[in-house]
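Residue numbers (this note's numbering), protein chains in the order written: chain A, 1 to 275; chain E, 276 to 831.
FYI, nobody ran anything at the bench for these hints, they're computed from the structure.
Misleading hints may appear alongside valid ones.
[Said to hold, decoys possible] Part of the chain A face toward chain E, derived, beta carbon under 10 Å:
| no. | residue |
| --- | --- |
| 1 | Glu104 |
| 2 | Ser194 |
| 3 | Leu195 |
| 4 | Arg197 |
| 5 | Val198 |
| 6 | Arg201 |
[Unchecked claim] Calculated Cβ distances over 10 Å to all of chain A for the following chain E residues:
| no. | residue |
| --- | --- |
| 7 | Glu400 |
| 8 | Arg579 |
| 9 | Asp582 |
| 10 | Ser672 |
| 11 | Glu767 |
The beta-carbon is built from N, C-alpha and C at its ideal position, and this holds for glycine as well.
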Amino acid sequence: MVHIVTDSTSDIPVDTARELGITVVPAHVIFDEQSYDDGITITRDEFYRRLAHSPRLPTTSAPSPGEFGETYQKIGGEIVSIHVAAAFSSILSSAYAAAQMVPEAQVTLFDSSSLAMGLGWQVILAARAAQAGQPVEQIVSVLEHVRPRVRVYAALDTLEYVRRGGRIGWARAMLGQLLSIKQIIEVRDSEVISLERVRTRHASLDRLKELIYALGPLQALAVQHTRAPDDARNLATELAARIALPEPIVICEATTAIGTHVGPNGLGLIAVMAE
Amino acid sequence: MSTDTHRRNPRVLQVDGQGLKRLVEAALAWLRYHQAAINSLNVFPVPDGDTGTNMLLTMQSAWSEIEHSPEENISKVAQAIAHGALMGARGNSGVILSQLWRGFARSLDAKQTVTSIDIPNAMREASDTAYKGVIKPVEGTILTVSRAVAEAAEKAQRDSDDLTLILDRMVIRAREAVANTPNQLPILKQANVVDSGGQGLAVILEGMLRYLRGASVETEAIEAAVDLKVPVAPEIEAGDVAQGYSYDVQCIIRGHSLNVDEARAHINGLGLSTLVVGDAATIKVHVHVPRPSAVLAYAETIGRLSDVVVEDMAAQYQQFLLGRSAPPIQAPTYHLKPEDIATLAVVPGEGLTRVFQSLGTSAIVPGGQTMNPSTQDFMNLLEALPTQRALLLPNNSNVILAARQAAELCKKQVYVVPTKTIPQGIAAMLAFNDQRDLETNAHVMEAAARHVKTGEVTVATRSVEYNGIQVGQGQIIGLLNDNLTTAGSSAEEVTWSLLDQMDADNLEIVTLYYGEDIQAGIAEKLGNAIRDKYSHLEVEVVEGGQPHYHYIMSAE
Chain A
1 MVHIVTDSTS
11 DIPVDTAREL
21 GITVVPAHVI
31 FDEQSYDDGI
41 TITRDEFYRR
51 LAHSPRLPTT
61 SAPSPGEFGE
71 TYQKIGGEIV
81 SIHVAAAFSS
91 ILSSAYAAAQ
101 MVPEAQVTLF
111 DSSSLAMGLG
121 WQVILAARAA
131 QAGQPVEQIV
141 SVLEHVRPRV
151 RVYAALDTLE
161 YVRRGGRIGW
171 ARAMLGQLLS
181 IKQIIEVRDS
191 EVISLERVRT
201 RHASLDRLKE
211 LIYALGPLQA
221 LAVQHTRAPD
231 DARNLATELA
241 ARIALPEPIV
251 ICEATTAIGT
261 HVGPNGLGLI
271 AVMAE
Chain E
276 MSTDTHRRNP
286 RVLQVDGQGL
296 KRLVEAALAW
306 LRYHQAAINS
316 LNVFPVPDGD
326 TGTNMLLTMQ
336 SAWSEIEHSP
346 EENISKVAQA
356 IAHGALMGAR
366 GNSGVILSQL
376 WRGFARSLDA
386 KQTVTSIDIP
396 NAMREASDTA
406 YKGVIKPVEG
416 TILTVSRAVA
426 EAAEKAQRDS
436 DDLTLILDRM
446 VIRAREAVAN
456 TPNQLPILKQ
466 ANVVDSGGQG
476 LAVILEGMLR
486 YLRGASVETE
496 AIEAAVDLKV
506 PVAPEIEAGD
516 VAQGYSYDVQ
526 CIIRGHSLNV
536 DEARAHINGL
546 GLSTLVVGDA
556 ATIKVHVHVP
566 RPSAVLAYAE
576 TIGRLSDVVV
586 EDMAAQYQQF
596 LLGRSAPPIQ
606 APTYHLKPED
616 IATLAVVPGE
626 GLTRVFQSLG
636 TSAIVPGGQT
646 MNPSTQDFMN
656 LLEALPTQRA
666 LLLPNNSNVI
676 LAARQAAELC
686 KKQVYVVPTK
696 TIPQGIAAML
706 AFNDQRDLET
716 NAHVMEAAAR
726 HVKTGEVTVA
736 TRSVEYNGIQ
746 VGQGQIIGLL
756 NDNLTTAGSS
766 AEEVTWSLLD
776 QMDADNLEIV
786 TLYYGEDIQA
796 GIAEKLGNAI
806 RDKYSHLEVE
816 VVEGGQPHYH
826 YIMSAE
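Given only the sequences and the hints, what does the whole structure look like? Please build it.
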C-alpha cells in the first residue's frame, strides 16, 4: 500500500490521521530559544496560552531533512508526501532534500498550494485513495483534482500579528491603521489575498458564511480557529443546518505557524467544492 | 434681440446668440442676489447643501464659457452654456440645472435665432433631459418646476409670439410650482420651506424676464449685501487686480474729531472700490490698492489703527483661476499601475483624510459638507489618474449627482458608490478589494455602506420645527442617517441621544470622529463616558478634523 506523509501544519485531527494511516511529521515552534515539536512536546492549547503572553512572537521552523529522512526510511516503499505550499514554508524543500537521501523509499512530493485544513483535506482524500489500494499515479491524480477545488477563507480578529509577522505585503501597507478592523482573507494558489475588511466580529463571521454559501455544493468542510472554540462550534452548527454535506464538519484549532501570524480569535472556513 | 419699442413692455420676437448671452448674464446676476436666500432653504438646518451657492457656481461656469464670445448663432452659444454648466455642476440642483441647459441646447439644433415657436419645444426638451438625468426623479423639486415651466411655455406660445410675455407666464407658473412643492414633498412641509432648487430655477427665469423688461439686475449695487460662503469669482476684485490694485486693505481708525469725508476723499485717491464709513470717533476703511503701505501710513497720521487686514487678491485670484482648471488634489498615497482600480473619496478634514488614506484610498477630493466638488473637479481628477478604472465615493448626498455626471462624461470606466456620509464611505472603502472587478466592487461596497449607522452632531443654521423637534438657530442638533432626529444644548447631550436612537445596546463598535473645533481631551472624555455606560461596546475616538460638525459617529 502507498503510504501518505504530511507535516503538522496540515491540522489533521490525530484520530483521523491514525485511522487513515497518515504519518504526520511535526514542525518546530521556537519560544524563547526553546524548540518544541508541534503537537507533541507542545500542545496547541499551551502554544496559544504562551502566544498571548510572550513578549516576542514565537517562530516556526520546518522539520529538518534529517527528520523527514528518518521518517521516510522507517516507512520505506512508496510514499506520497503532501505539504504546505512551498511559497509559505521551507517544509517542502526539506522533504525534497530528504527524498534524495533515502534510497529505501520512493517519495513523490506534492505541493498543496494551500495550508492548514486546505492542505489537510488534500491529505485526507489522498489517504482514502491509498487505503482503497490506489497506485501512486492514481493518488496524485486525485490530489490534482482536489487541489483546485479547495477554498480557504479566514476572518482575522486583529491585524496586529500579521503586521508583526511582516510577511504579507498588503498588511504592511496598512501599517498605522487608524481604526480597529477585522480582515477577511483568502488563501488560494499559494497566495494570501486580502478580500475585504469590516468593523465588527459579527460582520466578519457573516461574510465568512456568505463566502461559503456562494461556493455551491460542497464535498467537505472544516471550521478552524485560533483559541475561539465556542465561536467555531457555533459557526459549524449554523453551517451544518444550512448546507448538505456528505461528511461531518471537522472542527479544529489552526496550526501554530498560522496562530503566530493570525493571533487569537481568528476563524477559518476550509471547504472542498463538490466535483 | 429685435424688439418692438412702441409698447411699454417691449415686445421681443426673436433672440440670437448675443441675446441669449445677455439673458444668461442677467440670470446669473439675479441668482447671485438671491444666493443667500436660496441657501437658507435647506430642509435640515445644517451647514451643508448650499443650493444657492451650488447653482450660482454652476451658472458662473456656464457664463465663463460665453462671456467673451462674439458668437451670434444661438445654438452655438447654448451649447457653450450647456458645456460650461455641465463641467461646473455642483450639488444636486447644479447637476439638474446643467441637464436643463443640455436639453435646451440640444433642442435648438443648428438654429441661428430663436422665436416663440421654438420655446415650448426647448423647455420641454430641457425638462425631459433633466428628468432622465436623475435615477429616481422626485416630484416637488426643481424637476417639477421645470416641467411646469415647459407647460406654461406651451400654453403661452399659443396666445402670443412675444417672448417677454411667454417668459412672464413661465415665471408666474414657476413661482406657483415652487410654492406648491411643500404639498408634494412632505419633508419640505415639515421643515416649512419650499424646494431650494426649484426656487433657484424660478430666480434664473425671473432674472431673464427682468432683463427683457429693462429692470435692474445690476450686480455691483447689491453685491455687498450678499454673503458668499464659498469663494466665488470675485468679479470686482478681478477687475481691480487686473489694473494693479491687487491688495485688499481693511482697517479701523480710532481718534477724536475724525473727518470721515476728508478721509474718504484721500483714500479714494489711493485706490479703487473704496468704502470709508464711520463717525468722529471711528472710521472703517476698505479699499483695493497697489501698495498697502500707503493707506496704512495715511491712516496712522489721523488716528490709531486696529483690525488691520491685508489680503493679496492677486494670489487669491490666481488661486481661483487655478481652482477652476485643477482642483486641489492630495497626491495619491499609493502608486497606481494602469491596470489598477483607483478609489477617490470626497473627504473634509485632515484626520478623516488620514483615515481614508490609511484604508488605501488613491486620491482624496477635499470637501463635503459646505464645499461640494463640481463635475469638473471630478473630471480633472479622473483624467489625471494613471488608471483606466475608478470608483468614486461622494460621502455626501449632495455630491452624488455631480460624481455620477463626471462618471458618465469621463471616457474612463468609472462607478459611483453612492455613499451619503463619511462612515458609509469608510465602510465602503473597507470592502474594496483590488482583486475584484469594478462592477463587483461597486456592488459589494454599496452593500457594505448600507450596514453602518451614521450619527452627526452640528449646529442649527436656522430655527425650524421638524418631526416634532423644535430647533432654535445656533442650537446643537443631531442627525441619524442624514435625518434630523434630535436637538439639545450641548454636543455631548446630542451625542448621547443619538447613541440611544442608534440602539447602542445592540451595537458592537462605535467610532467617534471629532471635528476641528473639539479638543482631543474633550473627545476622549466623551469616549470614556460612552465606554462606562455601554460596557459591551468597543469605542474608538479618532481625530476627524472636519469643519462644522462636532462629532461624526459611525456605529455597527
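Given Leu195/A was flagged as interface, is its beta-carbon under 10 Å from a beta-carbon of chain E? Interface hint status for Leu195/A: holds (6 Å vs cutoff 10 Å).
Interface exclusion of Ser672/E relative to chain A, criterion Cβ beyond 10 Å: Holds, because the least Cβ-Cβ distance between Ser672/E and chain A comes to about 22 Å, which exceeds 10 Å.
Status of Arg579/E, Cβ more than 10 Å from any chain A Cβ: holds, 49 Å
Would you settle whether the hint for Val198/A is holds or violated, based on the nearest Cβ-Cβ distance to chain E being less than 10 Å? holds, 6 Å
Just double-check Glu767/E for me: nearest Cβ-Cβ distance to chain A has to come out over 10 Å. Holds, because the least Cβ-Cβ distance between Glu767/E and chain A comes to about 22 Å, which exceeds 10 Å.
Should the hint that Ser194/A touches chain E count as held when the rule is a Cβ pair under 10 Å? holds, 7 Å
Find the nearest Cβ of chain A to the Cβ of Asp582/E and say whether that gap is larger than 10 Å. holds, 40 Å
Restraint check, 10 Å cut-off on beta carbons, for Glu104/A near chain E: violated, 45 Å
Holds or violated: Arg197/A as interface residue toward chain E, Cβ cutoff 10 Å? For Arg197/A, the interface hint holds, since the closest Cβ of chain E sits about 4 Å away, which is under 10 Å.
Any Cβ of chain A at or closer than 10 Å to Glu400/E, or is the non-interface label fine? holds, 44 Å
Against chain E, is Arg201/A within 10 Å by beta-carbon distance? The hint holds - Arg201/A has a Cβ within 10 Å of chain E, the shortest such distance being about 7 Å.
Violated hint: 1 only; the structure is consistent with all others.
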